[in-house]
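2 protein chains.
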Amino acid sequence: MTDTSRRNFLRGAALAGAGAAVGGRAMAQTPDPAITELPPWQQYLGEGVDAAPYGMPSQYETHVVRRNVPWLTADATSSVNFTPLHELDGIITPNGLCFERHHGGVAEVDPAEYRLMINGLVDTPLVFDLQDLMRFPRENRIHFLECAANSGMEWRGAQLNGCQFTHGMIHNVMYTGVPLRLLLEEAGVKTAGTWLLAEGADASAMTRSIPMEKALDDCLVAFKMNGEMLRPEQGYPVRLVVPGWEGNMWVKWLRRIEVGDQPWHHREETSKYTDLFPDGQARRFTWEMDAKSVITNPSPQAPITHGPGRMVLSGVAWSGRGTIPRVDVTLDGGNSWVQARMSGPSFDKSMHRFYHEFDWDGRPLLLQSRAHDSTGYVQPTKDMLREIRGENSIYHNNGIQTWAVNEQGVAENVEVSS
Amino acid sequence: MTDTSRRNFLRGAALAGAGAAVGGRAMAQTPDPAITELPPWQQYLGEGVDAAPYGMPSQYETHVVRRNVPWLTADATSSVNFTPLHELDGIITPNGLCFERHHGGVAEVDPAEYRLMINGLVDTPLVFDLQDLMRFPRENRIHFLECAANSGMEWRGAQLNGCQFTHGMIHNVMYTGVPLRLLLEEAGVKTAGTWLLAEGADASAMTRSIPMEKALDDCLVAFKMNGEMLRPEQGYPVRLVVPGWEGNMWVKWLRRIEVGDQPWHHREETSKYTDLFPDGQARRFTWEMDAKSVITNPSPQAPITHGPGRMVLSGVAWSGRGTIPRVDVTLDGGNSWVQARMSGPSFDKSMHRFYHEFDWDGRPLLLQSRAHDSTGYVQPTKDMLREIRGENSIYHNNGIQTWAVNEQGVAENVEVSS
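As they're listed, the protein sequences go chains A and B. Position one of the first sequence corresponds to residue 1 (UniProt numbering), numbered consecutively onward. Position one of the second sequence corresponds to residue 1 (UniProt numbering), numbered consecutively onward.
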């Protein structure tokens with residue numbers, strides 16, 4: 001049996017319901033020098049443990065990096081580097097690949113000089129150094145962080161060709177930190193204290209207003225991500241974690257928390273991070289990130305290269321309001337939907353991984369995914385969003401993404417009417 | 001109120017049951033230049049996103065690395081680099097800090113040339129390339145991997161001064177891979193096939209016998225860890241995941257799986273990875289890693305530097321037989337035990353994080369932790385293990401670890417009789 005005839009046989013078996021019959025070549029019929037001969041790397045001693053005190057990815061994975069879109073923002077210090085979602089799997093984003101977005105470049109904070117102040121409407125204004133913070137009880141939680149501008153270029157139609165660029169302003173890591181509630185209790189919030197201002201120690205002095213209710217609910221003052229200290233571009237040594245809410249509020253290099261009795265209306269919550277509606281009015285305070293999903297494989301940067309037959313479609317979904325119990329996928333632009341298979345742990349306000357295994361007949365595909373969150377909310381189409389919000393928005397685009405896949409397996413960012 | 005008097009006041013408050021009263025200096029009384037003056041990193045634009053396509057830890061964290069013990073094995077290619085457990089938190093080990101142990105150095109496998117063969121007692125011997133494997137349904141699971149020799153030096157008494165060296169042959173990551181069961185089903189295991197041999201493509205051609213029951217239960221043929229491709233030292237591009245079982249069986253650079261009807265009794269399961277008893281007999285096939293725990297902070301590499309008052313004790317626990325619902329800690333060498341606080345997700349055969357917050361009176365401590373697993377098994381003392389197994393063992397030491405902390409907060413590896 002030749003390679004081809006076996007593959008066809010296996011595809012036939014799969015279609016008849018035999019399940020996972022996809023691959024591997026029968027060996028007797030196809031002697032493979034990669035197996036019958038000893039591979040080169042088995043013929044010499046490899047490098048020892050002295051090589052890498054802090055390990056790095058394989059030399060064959062140098063294409064797996066964060067990438068930016070040079071024209072997207074004014075300059076490098078105010079730009080964004082996107083997570084290569086199409087190269088990842090599971091739900092953990094490795095720290096080195098977490099997207100980064102700065103407004104004044106990466107602050108180089110000396111941890112010995114780090115201080116966090118709590119002031120304003122409190123009984124006792126307090127200053128904490130890093131060690132002070134580490135003497136409070138800690139929690140460990142996995143949460144996604146999504147920039148409000150993720151998919152923002154897509155409001156006016158398909159723009160960027162790759163899920164790294166359309167959806168890569170998100171990462172999902174395990175945080176270790178102190179509940180903000182404990183620090184506020186330590187300072188003693190006065191009765192009138194209903195808002196707080198979080199301020200960063202970078203050159204932009206990023207500031208955002210956060211309602212006290214959220215601060216006391218599930219915010220963390222975090223110093224570790226995926227086990228190790230925060231990365232510089234993620235706010236080393238301390239950032240605010242505001243689960244489920246837009247990333248800009250997760251103030252990095254956290255320097256100060258002021259308690260007040262009303263929001264501050266600073267630049268990043270008025271001029272920016274608001275939603276401009278068709279009538280010219282802007283909606284403020286769209287904090288919670290609505291349920292969203294995207295197919296990461298196949299996608300424009302990750303075409304189908306193995307030809308027809310069984311294949312694995314994969315993607316991620318998340319919601320700022322809870323978990324993702326269900327994701328639907330369509331292969332035909334929404335005419336028919338099937339429920340995807342969820343795999344891996346499901347946490348509150350965390351990324352979820354889904355798969356759909358199917359037998360590709362080699363004909364063009366129009367791929368979409370649609371997330372359902374634990375509140376019953378269903379991810380809308382882009383057209384549904386535009387109907388209400390027009391095309392002037394920049395932020396909070398959680399519309400359904402479409403990839404068109406042609407007979408060669410090449411995928412492209414396209415719009416379909418809905 | 002001075003710094004010192006406030007600290008004493010707060011400690012008093014904590015002792016009286018006021019809870020988390022630990023830190024922060026009242027600001028009005030102690031103006032802090034780090035707060036009253038703008039820090040240097042807020043006065044210039046930081047580096048932009050071009051700086052690091054693949055991000056790295058802060059320049060202030062260069063001490064957080066894997067370390068080896070030069071005299072421990074014959075040479076660098078057969079040595080071990082330990083995870084810095086005392087620098088980590090939560091339950092995820094970042095890929096760059098996962099301990100590594102090789103027997104022929106790191107194989108540099110070209111993924112385009114990678115092949116996995118399944119042969120022996122199967123209906124159809126098969127060869128898979130990397131893309132073939134990725135066309136099977138995948139699973140995502142977090143598991144610990146512990147070397148059987150972890151804590152091995154401690155059989156003869158306290159030896160190595162630091163949990164990185166006594167307990168650092170463990171890591172805990174999220175794996176993405178294909179259930180081995182699916183590949184075996186694809187080849188069709190003959191009725192007589194009750195064992196398999198996993199072989200690595202490194203210079204040592206590492207081989208281990210694994211019973212079919214385990215292979216069909218929960219083994220994965222994994223290609224990703226914490227979202228990205230396996231690191232070279234962890235078996236890039238493919239390793240076997242054998243949840244809960246000793247690390248040596250998790251064959252890296254997985255090249256071949258042979259199905260047979262009995263174990264192979266190769267070197268690494270006879271001369272090595274067996275347990276030598278006092279009567280000279282060796283126990284084979286101690287696969288499951290018994291429940292174990294260690295206090296990571298404070299510990300010899302992580303002394304108490306903040307003086308008396310409230311503090312956070314932290315550690316990790318795991319079991320090859322299930323989850324860890326409970327960890328006890330003692331501050332006085334076992335006279336009295338208290339239940340630690342578990343924090344973070346609890347997965348089957350995964351690392352668990354525990355904390356114990358207490359008020360340190362500045363007197364010496366004898367710290368121990370004791371894990372209970374979901375089967376009811378309780379971690380034994382080292383003396384209990386030695387009573388049965390003597391002191392000739394190298395592997396499978398899951399005895400309770402003791403750190404002695406003196407008045408200055410300095411911690412040391414010690415033995416206490418039990």
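It should be emphasised that the hints constitute simulated quantities derived from the structure, not laboratory data. Positions of the beta carbon are idealized from the N, C-alpha and C atoms, including for glycine. Don't take every hint at face value.
Short, incomplete list of chain A residues facing chain B, as computed with Cβ under 7 Å [unchecked claim]:
id	residue
1	Gln42
2	Ala74
3	Thr77
4	Ser79
5	Ile92
6	Gly227
7	Glu228
8	Glu357
9	Phe358
Comparing the hints with the structure gives:
no., hint, verdict
1, Gln42, "holds, 5 Å"
2, Ala74, "violated, 11 Å"
3, Thr77, "holds, 4 Å"
4, Ser79, "holds, 5 Å"
5, Ile92, "holds, 5 Å"
6, Gly227, "holds, 4 Å"
7, Glu228, "holds, 5 Å"
8, Glu357, "holds, 5 Å"
9, Phe358, "violated, 11 Å"
In summary, the structure is inconsistent with hints 2, 9 from the numbered list given earlier, while agreeing with the others.
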